[in-house]
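Those protein sequences? They're chains A and B, same order as listed.
FYI, in the working numbering the residues of the first sequence are 348 to 723.
FYI, in the working numbering the residues of the second sequence are 1173 to 1565.
Simulated from the structure, these hints should not be mistaken for lab results.
Glycine residues also receive a C-beta, built at the ideal position from the N, C-alpha and C atoms.
Please note: incorrect hints may appear among the correct ones.
[As the list claims (entries may be wrong)] Below 25 Å or equal to it, Euclidean Cα-Cα: the simulated SDA-like pairs (lysine to any residue) are: (1) B:1440 to A:656; (2) A:535 to A:574; (3) A:650 to B:1173; (4) A:716 to B:1353; (5) A:375 to A:389; (6) A:566 to A:524; (7) B:1458 to A:658; (8) B:1353 to B:1307; (9) A:674 to B:1506.
[What the hints assert, rightly or not] Computed footprint of chain A on chain B; a stretch qualifies when at least three of its residues, placed anywhere within it, have a C-beta under 8 Å from a C-beta of chain A: (10) 1187 to 1198; (11) 1431 to 1444; (12) 1458 to 1467; (13) 1558 to 1565.
[Said to hold, decoys possible] Taking beta-carbon pairs under 7 Å as the criterion, some of the chain B residues facing chain A (in silico): (14) 1173; (15) 1175; (16) 1552.
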Amino acid sequence: MDLELTETQKALRKTARSFLESECPWTKVRDFQNADLGYSSEMWRKMAELGWMGLLIPDEYEGAGGTFLDLIVLVEEMGRAVLPSPYVSSALIGTQALLLAGTAEQKSLLLPRIAKGEIVTALALLEANPDYTAASIKTQAKAAGDDYVIQGTKLFVRDARIADYLICAAKTDSKAAPKESISLFLVKRDSPGIVCKTHNTIARDRQCEVVFNQVKVPKTSLLGKLNKGWDVVEHILQYATVAECADMVGVGQKALEMTVQHAKDRVQFGRPIGSFQAIQHECADMATYVEQARWMTYFTVWKMEQGMPAALDISRTKAYVSEAVQKTLRRGHQIHGGVGFTLEHPLYLYYRRALTDEVMYGNADWHRKVVANAIL
Amino acid sequence: MDFSFSKETQRLREEVRQFFDKEWPKENRNWRGWEQPDAPEFLEKAERLNKLLAAKGWLALSYPKQYGGLGRTLEEHYIFHQELLRANAPNLKAGCAVLLGPVILRYGTEDQKKRFNTALAQGEMDFCLGYSEPNAGSDLASLELKAVRDGDYYIMNGSKIYTTNAHIVRRCFLLARTDPKAAKHKGLSLFIVDMKTPGITIRPIHCMGDVRTNETFWDNVKVPVADRLGEEGQGWRYVATALDFERLWIYNTIWVRKLFDDLVAFIKTADRDGWRPREDPDIRTKVAQISVDLEVCQVMEYKILWMLGQGKIPYAEASMLKVWASELYQRMTDTITQALGPYAQLSQGVLGSPLDGGLIQQHESSIGATFLAGGSEIQRTIIAAAGLGLPAA
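Excised from the complex, chain B in its bound form (with noise of 0.2 Å):
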């Protein structure tokens, strides 16, 4: 058994690291700013920086080379990919490139592979997720949009809720109903929508933790056959792929960790008129447990990680870390947020707030980790059916 990884592995993570010490320096790295994409300042250095990762070829860097890739390992993607959270860089791109770049590749025509893998390596390429609706959450497969053929074009009408990020990216991962009268789960299919396409209106949702999400209306609009992915009718399978690969790399959790090691940071230096909450054995106690709790998220990406590359797919694994990781997250900043008594509650730009009103706005983000990309039950039941084989409710 070896959980070490290769020479050329920890070469390329000291390179990526010297690169975003450079390239995204401490100014840039706050607790607050990534979570406000489309802030306009932040957009443009955002761009800046995904040009020269693109130039790099990191973005792809586990893409065949014929799609703009490096045709490296998973393993060296996946260590790209903690490196640019450790950083605090902006993960938009970054992020779908390998979320959403893997299933393309998996099941995507060529012309579909060179048009959007190709792209997302050159940092040209990104996508918001077109899955629920206003009517179907947990249960998704009952969702309503419907696409109708209409000669070499689908015909969309309907609605999405909860589309974060279709205000400013190039293209939706849009599940709709192609069959109505097939069973829930069959008759779906996945198209991946050029968001300039007439018809789509997008109403913003602003939510807790600054965050803003949106809800999209879809009126006429007309995608070509040719940006459906993969089979009609096979959609529900593409999207528990994408799934597995989000939970993977969504609840890389080396950020949690880093904003864990800010928070101790803050919690050692703490010392206002005598007040010192590193020395309350109750704090110690449950900081020691956080530490636990986070080695083992890292140790089951490891071995997630690992089923990957070896061709295997982690459908209970992959559950259980996203259930463990959004669960210690809220922990996590729950626990910080009590040891820090009055000051935890102060927002940025007020003396002796935590990082800067960093905590209080991951103690409010945290509040969606359990809900988002598959609630706790949902994951629950996955792991309960696909891993220990108990009969359907």
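This is chain A alone, in the form it adopts within the complex (with noise of 0.2 Å):
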């Protein structure tokens, strides 16, 4: 047993917390997320340079060759600045599609790209029923000569409006059952017949609604098998959701920090009220969510790099989490008092942030009736 980070690792969180806090203050995030694209294409540059964008792709596609535990560290502390960008959907989604699914050519042609953060990409997999299931796919692909033609309507496709490529599931065998039946796509994002409209929500994350109508793709934009590709789907989702719980402890760790020195800084009937042992207990409660939220997500992550079996850790992990940090955010508002409910003060930042991530990717319900069927 070894808990410790390599050296690799320290650095790496030692180089973004540095980065992100010279780069990315709260105020900047509220002017990135007020702006049309809802990120900054210039940090964009930066955080490729830093190598961030080809973390997971091996070096013969000029990435960096590193693990999912490399790219956790890091996604933790883009989770404690709420740094709005497509690192997730491209760096991690996009990419582990790619190396799990994609041919030769699709790798050597995408890959290379993402890694020097030339082109974003984004999937487009969940619709009117969001419920994660392959049944809930409604979109079809249907093939018509060297083509398939795509027509549906996505929704919560995070990033899609400034991403280059859709990876879109699509139901492509009317006949079979669900998971026997979708196939993904690698899509253009300005093919013609793409609409895409950005929701307008809490978080301000830019997740859109994408429709495709009559959406012309070559055959070779299909990434993997034919009907496959629900079965890429769970393998990148497995990765996804990990990743969510990773943003989500550095949202709480920034929370409980922020909470504590509020609780040290303010003085009420004569003394700070990080004194008054009715705070102290919120506090650990606090401490102890984000603590024990931390070590979920690196057991789980350390058991994935191990391939072992994970699925049933993964939803312990995101049902854990996403109550955890919840908990934690509550807590922080309640010992900010007003404060921290005005928007001159970051902590709505971290609350938004902490309800995205936790609706996505199956909320707690969701991966608790998951662990349910497990054991019941």
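Join the two chains, each given in its own frame, into one complex according to the hints.
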């Protein structure tokens, strides 16, 4: 047993923290969110120069050949800074999908460009019934000569507006069982027939409705085997779910630190409010939640890296972290009182980020059902 | 990062598991017996098992060889203890060896290590804890039992409460006031007192969950100076160290998980005239949450175990685990009790009783978990101070 981060991971964390603290203070987060694209393309370039985009991409495709835990350490820091960016969409989800299912040609065409930060990918998965099952996919892709024609509407597509490629899950067999009927397509975002509209979400995180209206894509854009796309989706969802947890750990950690500092500084009744046990015990619970959330995440990441069966651990972790961080933010707001409710204080950004992380990739109830079905 | 145990540790786990399967078979394992460690029949079986464990050297796995140990790692000792608890085997002696033995190894004299650690390794030593007093519970440092130096002896006068197992063990870890003038934390010393010394009387106190504890009265009890642990006036520090070990080992949550697994197995098969709790969606959700929370405990135990192995003291982490595990123990027994409805209240020997009365006994026992060994409020105060640096109240 060795629960230390590697020297590389420690260095990555240090670099990321100081980079994000100087480039992305919370007032800038607000500016980025209010800007048209929702993120800073200038910062994106700098992040690419740091080698972050290709963290999971092997050497042969000009990436850094890092591990999943390397990326998790980085995503934790991004959550800590509430950084708006398509990082997970591209450097984790798109990258994993290509590594797992891409042809040699797709990989050599796209991975080096992802690694350089030149292109961004986004996952177009959810639809009107956003339950993360194959049965809920109604979008269809019909073969027509050398092409497929995609028709349907995707919802909650993070980063679709700024993406160069969408990874779209569509039904390619109307008779087979749902899990045997889904295929994935790599679709150029600017293909004729795609209409993209940004949802106005609580976290201002540029999720989109993407309408595919008779979108023609060449057969070569099939990502993975025909009708076997759901296996790939399940695989990348596992990674995305754990990354969501790491983001929440970062969010919770910063909210904890802000709250403890506030409790030390804020004087009422002639003493710092942090000297009251009513406040201390709330802070102790916040610290416990965040610590436990972090180690649940690392434990699950370790199992995944070892290639052990981890589906149940992933569900336990998402179920725990979602609620633990939500409770941390609630207590943080309670201790901050009025000032944390204003938009002149960063806490609201953390609350909103935690909320979106909580409901995406299956909320706690969704994952509890997975656990219940496994043990009962 | 690596959460795996070494090959040697995994081999040891397998060996220990097989040992318990053979020497502490299913018919000895229930959810009531080890809460009554003084029943003569149980004591006899426990004694036999302890002799076998001592012969293997497992009681003192991580002690240095010169004190009867095998010089193996803390990790291995932890795994042994996990398997012992998983088998519902008696844990009084093994628990003393692992909770209190390390404190003697750390602060004891050569003579004390030879006398106590060697005896612990041989399964011939056990302790009760003489910490709490009728007027000193959460505010432990205000305790009053007096120890007055008289030549080569101290003379003890006062009383202790919740001295569980005082009537069956050889020695008592006794925290006593040696300097009434010093600040309250500083006037305390720790002794390892022979329970056969004249002047000690024991009054049983029966508790919920079939737990028996005691009140002990100390009337001019003569304790040799050689039985004082470490320096005079440092007792508080030694007890704090002991408590940090205790929070990890007492809440070695494997047995809470074992209890949960047994209860889940009961729920899965419960089917009485159409009553099938496993099909109720509310029950499913709640049981799943307990499974999540148990995993959290296990991961935090790994973290603490790793810290201890690195020579770090997990002040805040140990308190986090204690709060979480004890509150979870209650949530778990409560959740299952609600899930099983009227059947949950049945005691031993009634048809349909969950774990033959084990559930209701554990349910009651769990009431104590959140206040013994430092209540949840004390633990949260420790986390706030030691972990977060919040100012004193």
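Right, here's what the structure says about each hint:
no.	hint	result
1	B:1440 to A:656	23 Å, holds
2	A:535 to A:574	21 Å, holds
3	A:650 to B:1173	10 Å, holds
4	A:716 to B:1353	61 Å, violated
5	A:375 to A:389	13 Å, holds
6	A:566 to A:524	23 Å, holds
7	B:1458 to A:658	19 Å, holds
8	B:1353 to B:1307	19 Å, holds
9	A:674 to B:1506	22 Å, holds
10	1187 to 1198	violated (count 0)
11	1431 to 1444	holds (count 3)
12	1458 to 1467	holds (count 7)
13	1558 to 1565	holds (count 7)
14	1173	6 Å, holds
15	1175	5 Å, holds
16	1552	4 Å, holds
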